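Each chain is listed here by its residues.
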Amino acid sequence: MRNVLLKELQINLYSGKMLTTFLLLVTVFLISLGMMFQEYQQRTEHYNLSISGAGKDWLIETVWSWEMPDGGLNSEGIGTFPIGKVKRPQPLSYFARGVDLEFSRPVEYFTHFDHAKIHVYPNHEQNLFKLVFDPPDLLAAVTILLSLLALLFSHGLFSREKEEGTLKQMLAAGASRASIFGGKFIGGFLSLWLCFTGAFLVYALALGFIEAQIMSGEPAARVASIYAACTLFALVFYSLGALISAFSKSSSTSTVLSFFLWLLLIFIVPGTSSMFAQQFAPVPSRQEVERSKLDVFQEVQEEYAADHPAERPAYRDGVEMFGATLETVNEEHQRIEEEYERLQQNQIEMTLDLSRASPAASVSNILSSLSLNGLEDLKLYKSEQQNLLQQIRSQLEAYSRYLWATYPAWARFGRTAEEQRELKRVFDVQTQYEYASMDFDTSMSFVWLDLLLLSIYTLLAVAISYLLFLRYDPR
Amino acid sequence: MIRTIAEKEFFLIVKTLRFLVVILLCLLILPISVWTLSSDFNKERKDYFGRLDVESRNERKESRLNLFRPVPSLYPFVRGIDDEAVNCVSFHFRSWNRQSTESTQSKTHMIIPTVDMAFLVGIVLSGLAFLLSHDAISGEKGGRTLSLISSSPAPRSSVVIGKWIGISAALLIPFLLGFCLSVLLFAFFTGANLASGDYLALALLFLLSALYIAAITIIGVAISALTQNQSTSLFLCLGIWGLICFILPQTANAAATGLHPLAPPHELQRQLRVVENDGLRRLAEDNMQLIETRRRNGWTSSREYDPYRRINYLNMAGNNREGFISLENQFSRESRIQEEISSFASLLSPYGCFKQAVMSLAGTGPDSHRSFVDEAYRFGELYFRQIISTWRENPAASSEELISGLPQFNYRGNDLNVRIGKATLPAGVLVLVIIVFIAAAVFAFNRYDVR
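Order-wise, the sequence lines are chains F and W.
Every letter in the first sequence is one number past the one before it in this note's numbering, and letter 178, counting from 1, is 178.
Positions in the second sequence are counted from 1; adding 475 to them yields this note's numbering.
No lab work stands behind these hints: they were computed from the structure.
Treat the hints loosely; a few may be bogus.
[Unchecked claim] Below, in silico cross-link-like pairs of lysine-lysine (DSS-like), each with a Cα-Cα straight-line distance of 27 Å or less:
{"no.": "1", "chain 1": "F", "residue 1": "K249", "chain 2": "F", "residue 2": "K424"}
{"no.": "2", "chain 1": "W", "residue 1": "K490", "chain 2": "F", "residue 2": "K382"}
{"no.": "3", "chain 1": "W", "residue 1": "K518", "chain 2": "F", "residue 2": "K379"}
{"no.": "4", "chain 1": "W", "residue 1": "K521", "chain 2": "W", "residue 2": "K536"}
{"no.": "5", "chain 1": "W", "residue 1": "K536", "chain 2": "F", "residue 2": "K117"}
{"no.": "6", "chain 1": "F", "residue 1": "K379", "chain 2": "F", "residue 2": "K17"}
{"no.": "7", "chain 1": "F", "residue 1": "K249", "chain 2": "W", "residue 2": "K483"}
{"no.": "8", "chain 1": "W", "residue 1": "K616", "chain 2": "W", "residue 2": "K518"}
{"no.": "9", "chain 1": "F", "residue 1": "K117", "chain 2": "F", "residue 2": "K17"}
{"no.": "10", "chain 1": "F", "residue 1": "K249", "chain 2": "W", "residue 2": "K518"}
{"no.": "11", "chain 1": "W", "residue 1": "K518", "chain 2": "F", "residue 2": "K293"}
{"no.": "12", "chain 1": "F", "residue 1": "K7", "chain 2": "F", "residue 2": "K293"}
{"no.": "13", "chain 1": "F", "residue 1": "K379", "chain 2": "F", "residue 2": "K293"}
{"no.": "14", "chain 1": "F", "residue 1": "K293", "chain 2": "W", "residue 2": "K521"}
{"no.": "15", "chain 1": "F", "residue 1": "K17", "chain 2": "F", "residue 2": "K7"}
{"no.": "16", "chain 1": "W", "residue 1": "K518", "chain 2": "F", "residue 2": "K117"}
{"no.": "17", "chain 1": "F", "residue 1": "K168", "chain 2": "F", "residue 2": "K7"}
{"no.": "18", "chain 1": "W", "residue 1": "K616", "chain 2": "F", "residue 2": "K17"}
{"no.": "19", "chain 1": "F", "residue 1": "K293", "chain 2": "W", "residue 2": "K536"}
{"no.": "20", "chain 1": "F", "residue 1": "K117", "chain 2": "W", "residue 2": "K521"}
{"no.": "21", "chain 1": "F", "residue 1": "K293", "chain 2": "F", "residue 2": "K382"}
{"no.": "22", "chain 1": "W", "residue 1": "K521", "chain 2": "F", "residue 2": "K249"}
{"no.": "23", "chain 1": "F", "residue 1": "K249", "chain 2": "F", "residue 2": "K168"}
{"no.": "24", "chain 1": "W", "residue 1": "K483", "chain 2": "W", "residue 2": "K616"}
{"no.": "25", "chain 1": "F", "residue 1": "K293", "chain 2": "F", "residue 2": "K17"}
{"no.": "26", "chain 1": "F", "residue 1": "K293", "chain 2": "F", "residue 2": "K117"}
{"no.": "27", "chain 1": "F", "residue 1": "K424", "chain 2": "F", "residue 2": "K382"}
{"no.": "28", "chain 1": "F", "residue 1": "K117", "chain 2": "F", "residue 2": "K424"}
Treat the numbers as computed from the prediction; the structure is a model and nothing was measured.
Let the sequences and hints guide you as you build the complete structure.
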């Protein structure tokens, strides 16, 4: 087996296959690094601007005041809310961008009476072609290129030997089938692994030079896990190539089958999974949700009006009705939102489950989660947004209480120094808030299933290809 | 002679396993993708009408206006950037204009990309085109049948063109069948909502796909003519395919960003707020002066001072709107310059040409979204300018009086002629690619010495 392994390594080395593969991987990885560097710089600039601008660009201004019948003063204040701080960009997004686009969108947190809302802006003033052609991250290079190279390394592993008649010679020379299989399989994979490891090291060193923080502590553990997941992914495709090679009699058949399998697993299976999930786990649209909320609001108000017929239709009664029904309406709205979230989560989970039929989807999930840009990170980000919104709301309430307590001062135009200090505390909530990120163990808890699946695919492919190889009749 | 060679090549491919792959892809995956996207399309369309209904019941039309973009009819074939781009523009009388994306899609597509016809043709079918064409000439060299072909009276250019037509036909005939099946499914699932222009656009989508496949096939044939053996041409074809589909278009964006950098998305929002806040501060000062005037004149009734108060408010709204438009135009101009650079640079790749052309034709690309936003802004500005002018003339005007006679927004997307016009340049580049590579393939084949 050792001889077969060394021979396989030598063939790959001397034929220039290893050098070509290494150079190709390094080139593509470095192109990806260059493009992602540009994007990361923009994200950092955006983040910095969101911190510096958070406390400055909003206003609550008293624009009018008038005398009340009781002799007191009433004021009308209108204003704007600041655009919120975006999530700090993750240096690990070089590996997988995942949902990073969502994290970079300008967010506005605002409150109106008892409603607290979040508005997420589309990146509409940016170059829309970036939505058409995403910059390739390492994940794209791995899923598309590394998988293809793995298949190219293994698709002719046995079929070429069969075609050229060298397999018969090896068997006649007394080599056991297990040693031929093991030697060729391990030798071929070792060649690919050396090329990939070399290219990954070059990439990691170049990235470490740009972003030093990823080379130590938890980020380094994440990078190491990403490397291990990529290696396992390459092994899956390599094993599938070996399976096709053991099955086919000619190298041209195995080439076609490998390419088809590659197209199927890389593009078609993951791509169609979300389509099927949409059919089997439908989610109401945002508009339907808003419509239901509106219906609930009208229903509750009508019920209230039916119970209090004599008090209508004065404006004051309308305000009273709003106040009296607010709690019920809010509860109902929350129930509708929770149901919507649940259905959406169901669909996401079904999409992920279906797409796991392809190792490419598994590796996407693993790399996105380990790069802190996975779907779970998006879920966490949304809940963090709600937390921030609550904090802003409670600060605004505190500010309103302060204004009521200093009523005579509030009734005039312009803010006093004390009022400005109070307002600054509201601004500071956004500036100081740091969105939480998952720790390494939590991220790993979301990827273990995918890692297990990749291992199972590899074992199955190796076992079946070995059985097929055993069945080969040299006559 | 060309016909005979093309027929021979076509029937040779039909008997192989590779053709089965093409059949599976075209007759199974393509219709499935159109079927599922048709149901998305129906849902989005229902939402659009729902939003219009809610908007029609808007009781504060004089101060708030929401304009919506309908989902384009050919969305089930080419999704483009429709799930990410703006489909609603909201205006507030005194406040900034707010754009939003209301999509029914979950965010899974950011991790697992979804499949549509543009993807299947642009990436998958083009890969298969390289797979079928990589050995068109080099396979004959390896199999030593090339000397036999060369001894026949057929000119070498006929061999190249015949093989190109044969391979393209082997890809396009199953694609045509799959496409027709998809159109039937699309018409069935989306109901009778398609105009005759949509069917013409569908036919043009097919022609564009055929042009792209033909361009990729001739590149494969040219590589095959240049190389001596099959494995070299296979490696080269795969490399060029990767370059065309995954490197060149993305590099175009990077180049555009480098050549014409843009401010981050926060910057515009921040500056819009500065304009609005300045307006509010001015309003507060004007109102303060009004209070002084009120005291000086001894006005006691709101009827006496309310018209002045309203004029202050209108001045603020008018100034704000001008400030917003000027800022938004400035930012939009900058991003469009970058987009133009991206668009031109991505024409270097046939995939970039194809994607741009089909998105323009289907109305799901950046140009269509820009056109909606432009149209919405034009309408919104006109709408509020008219309201402000009516209000200035008659400060006591009621809400109904303010909005009476105002036009209705009825955006139906770009006209087909405009869409065809936008797809012409990328389609022209594809034709150019075909001509250049036919010449290159013929030249490379003519240089080959059979001895």
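Hints, one by one, checked against the model:
This hinted pair does not check out: K249 of chain F and K424 of chain F have alpha carbons roughly 76 Å apart, beyond 27 Å. As the CA atoms of K490 of chain W and K382 of chain F are separated by approximately 54 Å, the hinted pair breaks the 27 Å bound. Restraint check: the Cα-Cα separation between K518 of chain W and K379 of chain F comes to about 24 Å, which is no more than 27 Å; the hinted pair holds. Straight-line distance between C-alpha atoms of K521 of chain W and K536 of chain W comes to about 23 Å, which keeps the hinted pair within the 27 Å bound.
A distance of roughly 22 Å separates the Cα atoms of K536 of chain W and K117 of chain F; the hinted pair therefore holds under the 27 Å criterion. A C-alpha spacing of about 44 Å is found between K379 of chain F and K17 of chain F, which places the hinted pair above 27 Å, so the restraint is violated. Using a Cα cut-off of 27 Å, the hinted pair K249 of chain F and K483 of chain W holds, with the two alpha carbons roughly 25 Å apart. A threshold of 27 Å between alpha carbons decides the hint, and for K616 of chain W with K518 of chain W the separation of about 54 Å lies outside it, so the pair is violated.
Among the hinted pairs, K117 of chain F with K17 of chain F is inconsistent with the structure: their alpha-carbon atoms are about 58 Å apart, more than 27 Å. A C-alpha spacing of about 49 Å is found between K249 of chain F and K518 of chain W, which places the hinted pair above 27 Å, so the restraint is violated. As the CA atoms of K518 of chain W and K293 of chain F are separated by approximately 19 Å, the hinted pair is consistent with the 27 Å bound. The straight-line distance between the Cα atoms of K7 of chain F and K293 of chain F is roughly 70 Å, outside the 27 Å bound, and the hint therefore fails.
Of the supplied pair hints, the one linking K379 of chain F and K293 of chain F holds, its CA atoms being roughly 22 Å apart against a limit of 27 Å. The straight-line distance between the Cα atoms of K293 of chain F and K521 of chain W is roughly 17 Å, inside the 27 Å bound, and the hint therefore holds. Under the criterion of a C-alpha separation no larger than 27 Å, the hint pairing K17 of chain F with K7 of chain F is consistent with the structure, at around 14 Å. For a cut-off of 27 Å, the pair hint linking K518 of chain W to K117 of chain F stands: about 25 Å separates their Cα positions.
At most 27 Å may separate the alpha-carbon atoms for a hinted pair to count; K168 of chain F and K7 of chain F meet this at roughly 16 Å. The hinted pair formed by K616 of chain W and K17 of chain F meets the criterion: a straight-line CA distance of about 23 Å does not exceed 27 Å. Under the criterion of a C-alpha separation no larger than 27 Å, the hint pairing K293 of chain F with K536 of chain W is consistent with the structure, at around 21 Å. A distance of roughly 25 Å separates the Cα atoms of K117 of chain F and K521 of chain W; the hinted pair therefore holds under the 27 Å criterion.
Proposed proximity of K293 of chain F and K382 of chain F is supported: the alpha carbons are some 20 Å apart, at most 27 Å. Of the pairs offered as hints, the one joining K521 of chain W and K249 of chain F is violated, with about 54 Å between alpha carbons and a cut-off of 27 Å exceeded. Among the hinted pairs, K249 of chain F with K168 of chain F is consistent with the structure: their alpha-carbon atoms are about 13 Å apart, no more than 27 Å. About 17 Å separates the Cα atoms of K483 of chain W and K616 of chain W, which keeps this hinted pair within 27 Å; it holds.
Note on K293 of chain F and K17 of chain F: the hinted pairing is violated, with a Cα-Cα distance of about 62 Å set against a maximum of 27 Å. Under the criterion of a C-alpha separation no larger than 27 Å, the hint pairing K293 of chain F with K117 of chain F is consistent with the structure, at around 14 Å. With a C-alpha separation of about 25 Å, the suggested pair K424 of chain F and K382 of chain F falls inside the 27 Å cut-off, and the hint holds. The straight-line distance between the Cα atoms of K117 of chain F and K424 of chain F is roughly 21 Å, inside the 27 Å bound, and the hint therefore holds.
Against the hints set out earlier in the document, violations occur for numbers 1, 2, 6, 8, 9, 10, 12, 22 and 25.
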